[in-house]
Structure formats: C-alpha cells, structure tokens
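Engineer: One letter stands for each residue in the lines below.
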Amino acid sequence: MDRFSWTTGLLEMGETLVIQQRGVRLSDGEEKVKFDSGVLLLSTHRLIWRDQKNHECCIAVPLSQIVFIEEQAAGIGKSAKIVVHLHPAPSNKEPGPFQSSKYSYIKLSFKEHGQIEFYRRLSEEITQRRWESMPTGQAMQVNKDAQSGRIRAVGIVGIERKLEEKRKETDKNISEAFEDLSKLMEKAKEMVELSKSIANKIKEKQGDITEDETIRFKSYLLSMGIANPVTRETYGSGTQYHMQLAKQLAGILQTPLEERGGIMSLTEVYCLVNRARGLELLSPEDLVNACKMLESLKLPLRLRIFDSGVMVIELQSHNEEEMVAAALETVSEKGSLTADEFAKLVGMSVLLAKERLLLAEKMGHLCRDDSVEGLRFYPNLFLTQS
Amino acid sequence: QAKYKERGTVLAEDQLAQMSKQLDMFRTNLEEFASKHKQEIRKNPQFRVQFQDMCATIGVDPLASGKGFWSEMLGVGDFYYELGVQIIEVCLALKHRNGGLITLEELQQQVLKGRGKFAQDVSQDDLLRAIKKLKVLGSGFGIIPVGGTVLVQSVPAELNMDHTVVLQLAEKKGFVTVSEIRESLRWETERAKQVLEHLLKEGMAWLDTQAPAEPQYWLPALFTELYSQEITPEEAKEAIP
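Sequences listed follow chains A and B, in order.
289 is the number that full-length UniProt numbering gives to position 289 of the first sequence; each next residue is one higher, with no gaps.
37 is the number that full-length UniProt numbering gives to position 37 of the second sequence; each next residue is one higher, with no gaps.
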C-alpha cells in the first residue's frame with residue numbers, strides 16, 4: 001500500500017475514465033487497512049480509490065506500477081477480489097497514506113460485485129499502456145489551487161453520483177418491468193386456461209352452442225391472441241372485426257387495383273394498406289382473414305391463391321384467363337419472353353408476371369425452356385400447329 | 001333430454017360471461033402495465049424478447065391481430081407490422097441482385113438505414129419475428145439457417161434440403177464448386193449440378209466460368225463486399241407498389 005499517493009481525484013488532461021465501481025475495499029497484502037468502503041476508478045493512467053463517506057480521502061497509483069494482476073473468486077462470506085502486484089515505489093513518489101509496506105501487492109475486494117468487468121478493463125489498460133502515448137501534465141497534479149480544485153472536485157463527484165443514480169434507476173426500472181410482466185403473464189395464462197375449458201364444453205355439446213355465442217367466443221380469443229382451440233382455425237378468423245375489415249378493404253383497394261391491371265399480390269396490399277394507415281396497423285393474419293371473407297360477403301374483390309402459394313387480390317371483374325390470351329399475344333410478338341422481360345413490357349411486378357405466364361403454361365398456351373439462362377416461355381406451337 | 005341440453009347451454013353461457021368479465025379485468029391490468037412500461041417495449045430489444053418468449057410459453061400470440069389487446073395497448077403490434085412493411089420493401093428492392101435471398105445481417109443493415117437516425121433500434125430477433133408473421137401472406141417468406149447466420153428468403157422459390165445444404169456449404173466463402181460439394185457432401189456430380197442449376201435459374205447464384213480451376217457458383221446473398229451498398233432509386237421504385 002506504500003505505492004499509493006494522495007490525490008485530488010481529478011483527471012488530468014489526456015487522462016480518461018475507463019470504468020468505476022462502488023463498494024471496493026483495499027487491503028495491504030493480507031492485512032486490512034482503513035480504506036474499507038470506496039469507489040474504485042480506473043483511468044487510462046491510474047487506479048484511483050475514493051472513500052465513499054469522505055470524498056476528500058482519495059488515493060491513486062499509476063498503472064505503470066502494476067506488474068501483473070490476478071483474480072480471486074468469491075467464497076462463503078468473502079467477496080471476489082483482484083490481486084494487484086506492484087513494482088517498488090519510485091523514490092520521487094508523491095506522499096501517500098503509507099511510508100512502507102511489507103507486501104508487494106494489494107487486494108481489491110468487490111463487496112458490491114463488478115469485478116469481472118473491472119478485471120477485464122484493467123487487463124486491457126495494462127496491456128494497451130495508453131498512458132505512454134498520452135502524457136499528462138505533471139504540473140497540474142501539483143497544482144493545489146484550493147478554490148478551483150474544490151469546485152472541480154464537486155463537478156466530478158456530482159457527475160459520478162448522477163451516473164450512479166441513473167444506472168440504479170435504469171436497473172430498478174427494468175427489474176420492476178420484468179416483475180410486472182411476470183404478474184401480467186400469470187393473469188394471461190388464466191385466460192388461456194379458461195378458453196380451453198370453454199372450448200371443451202363446446203366440443204362436448206357438439207353444435208348446441210348458438211351462433212351468437214360462437215361469435216362472442218371468437219372475439220374474446222382475438223383480443224387475447226389465443227388460437228381457436230375448437231376448430232384450430234387461424235387466430236380470430238371469421239369474426240365481426242374481419243368482416244368489417246373486408247368491407248373496408250373493398251373500398252380502399254378499388255382504385256389501386258384498377259391502376260394495376262386489376263390484380264395485386266397480398267404483400268403489395270399489406271404494404272399499401274399499412275403505409276396508408278400509419279397507426280393501428282393490420283397484422284398479416286388480419287389481412288388474410290379479412291380477404292378470406294371477401295367472396296362470401298359478395299364484395300367486388302376476391303382472394304385467389306395460385307399453385308405456387310402466391311396469394312393475390314383481384315377485382316371481380318378481372319379475368320386472369322382473359323389476361324392470359326393477351327399475354328400469349330405479347331409473347332408471340334416477341335418470340336419468347338422471360339418473366340422479367342414480360343413484367344417490364346407490361347408494367348407488372350415480376351411476381352405476378354411469372355404467375356400469369358405459369359397459368360398460360362398450365363392452360364396449354366405457352367411452353368417453357370428451363371435453362372441456366374433462365375426460365376423462358378414460348379408460344380405452344382405443339383398445340384397450335386398440330 | 002331437453003333438460004340436459006338446456007343445462008349444457010347454461011354452462012357455456014356462464015363460462016362465456018365469466019370470460020367476458022375476466023377479459024375486462026385483464027384489459028385493465030394490461031392498461032396499467034402499458035402506462036408504466038410501454039416505453040420499455042419500444043426501446044429495449046431484450047425486453048421484447050422476454051415478452052415474446054413469455055407469451056409463447058403460455059400460448060398467446062401478441063402479434064396475431066392488430067385488434068388484439070397486446071397490440072392496441074402496448075403498441076407492440078405496430079412495431080412489428082411496420083417492420084414487416086420495411087422488410088418487404090428492402091427484399092423487393094434487392095431481389096434482382098440476390099434472387100430473393102439475403103442474410104439477416106444485411107437485411108438488418110438495410111432496414112436500419114431506411115428507418116433513419118431517430119428511429120428505434122431493431123434487433124435480429126425483431127426481424128425474425130416480423131418475418132415469421134409475413135409467411136402467411138404467401139409470397140414465399142422463409143428463414144434458412146446457414147452456418148453462422150440465417151438467410152431470409154422472400155420469393156416463392158422451392159428450396160428443399162439439398163438446396164439448403166449447398167447454401168450452408170457456400171456460406172464460408174460466398175461461393176461453391178461442384179468438387180467441393182462432391183467432397184464435403186459425398187454427392188454424385190449429377191445431383192450437385194441439379195441443385196446448382198436450380199439456384200442459377202432462380203437468380204440466387206451466379207456462374208463464374210472464368211475461375212481458374214473449375215467454374216465457381218457465387219451466392220450474391222453471401223458476398224460480404226456487397227453489404228450495405230446503397231439501394232439505388234431504381235431499386236427503390238421497384239419496391240413500392
């Protein structure tokens with residue numbers, strides 16, 4: 001402990017704070033000393049310890065004095081420690097709390113934990129030896145201008161305290177949030193259990209449940225985000241909400257569909273509708289469930305699913321099969337086309353262009369040439385020229 | 001017999017009434033939770049993960065519907081549904097470059113760029129959850145694990161186990177050759193070629209016939225040098241319907 005010097009604890013110019021930890025006790029080798037409870041600060045140049053109760057009591061040792069460091073795991077009733085082995089004190093060392101010591105190492109006891117990160121950072125600093133490339137003004141260390149010293153001491157202490165408080169506040173907020181979340185989930189779980197119980201009753205009754213009750217039950221499930229345990233339908237399908245949504249969509253999508261040749265993929269619709277809404281967006285499932293109801297509600301749009309699984313919304317007036325005839329003409333004019341080329345020509349998305357060409361192929365109007373150069377469609381001469 | 005039927009009806013009615021009441025109570029609890037911690041969900045990706053995991057454990061999907069309590073009161077839905085839109089747009093814009101395959105890292109970078117400086121942070125977990133929801137739209141969104149990372153597929157191309165395994169093999173260097181496939185996977189040349197040709201046809205792989213030893217099949221999705229190359233205005237136009 002005789003390697004330490006008294007210090008104001010203020011950082012020099014070119015010296016940066018790396019990490020700090022509260023609740024650290026210093027020991028001189030194996031012996032306890034009066035430095036029982038303090039904040040340990042690691043800078044690019046020094047290891048600083050300040051008494052938590054008496055901020056005037058502040059000591060430091062240059063990192064250049066460190067030979068090597070060791071970790072000591074915590075035990076029963078004992079905190080984790082870092083053992084710091086030090087070079088002998090230089091003759092021109094500034095006065096400190098101890099003139100001599102029989103030990104060549106000190107121990108840092110982390111009573112409030114934090115040793116893992118501190119050890120890591122300390123190792124880094126010792127390895128990087130940043131103090132060598134960032135000389136500090138020695139003159140400043142000697143400057144004992146009481147007035148400015150006091151003010152600046154208050155400054156750094158104040159900042160440290162604020163940081164510490166903020167950290168504690170954040171930690172407290174998060175743990176409170178998690179606690180509240182757990183309690184909330186317990187209640188949610190009860191709702192899930194109840195819905196299963198009701199679903200069982202419905203199964204037992206085998207259809208004696210009224211239409212009204214079914215609708216009510218479905219809307220409860222929708223609110224909670226619980227899958228329908230009876231039919232295992234996707235979440236909340238066939239509810240009032242989705243019916244209303246379907247009607248809304250019919251209104252919103254009429255013009256965009258007309259502008260796009262009467263057909264749009266469901267992903268396009270999803271983006272269009274949600275961009276327009278800005279808030280209270282639709283989930284993908286909301287959209288799909290609403291679209292499934294379009295036909296039964298006799299709305300002027302319908303949902304269509306291609307063989308590939310691609311889902312589109314079409315105007316009722318749209319006839320994809322007719323479009324195929326037009327596509328055949330276009331392909332014939334050009335001799336052959338890929339989906340990309342066709343899409344550019346006609347002004348469609350590549351996804352839908354491909355679907356149309358595939359449909360034309362399915363109907364026998366086109367045939368394919370599938371090579372590494374790409375998938376190319378030709379008019380089906382086998383059909384027309386037999 | 002009629003009496004039994006009646007009893008049955010009454011029982012369900014009672015339980016529905018009970019559920020209705022409990023639902024109201026739950027709504028209030030959720031409101032309280034939201035008033036205290038709504039910020040936490042929006043700002044803290046770790047908290048979102050915890051939240052989602054807990055929901056999954058009890059059998060609740062908070063992202064099923066925008067009309068659900070979770071979405072309405074915690075705003076958790078809007079966060080993910082909007083992210084879905086951004087993911088779709090990025091994938092569309094880049095599809096002609098990578099054939100509809102993109103690493104989760106690159107997707108994250110591009111999405112964050114699009115969101116701007118002041119938007120909330122988006123974690124890879126967030127992206128994965130949003131993508132899982134997009135699957136239902138039928139346009140081929142899917143997730144393919146490949147070694148150290150994850151590829152996001154955004155086209156309805158059929159990729160089976162064989163394709164996936166070759167993608168995994170290509171992950172390290174960004175390209176793969178027929179010889180490498182034969183050696184590592186012990187496949188016949190024919191099988192290797194079929195898989196590689198499928199990837200070529202889908203635009204997910206490019207062929208470099210000028211390579212020294214033998215032709216190399218490159219996966220644009222795995223080119224690290226191409227990461228965070230700006231999306232050009234032409235590409236952006238492609239993305240917005």
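Treat the hints with caution; some may be incorrect.
List time: in silico DSS-like cross-link candidates among lysine-lysine, alpha-carbon distance up to 25 Å [to be verified]: (1) B:K117 / B:K237; (2) A:K189 / B:K38; (3) B:K135 / A:K247.
The hints are simulated quantities; they were obtained by calculation from the structure and are not laboratory data.
Engineer: When the hints from earlier in the document are held up against this structure, which numbers fail?
Structural biologist: Violated hints: none at all, because every hint is consistent with the structure.
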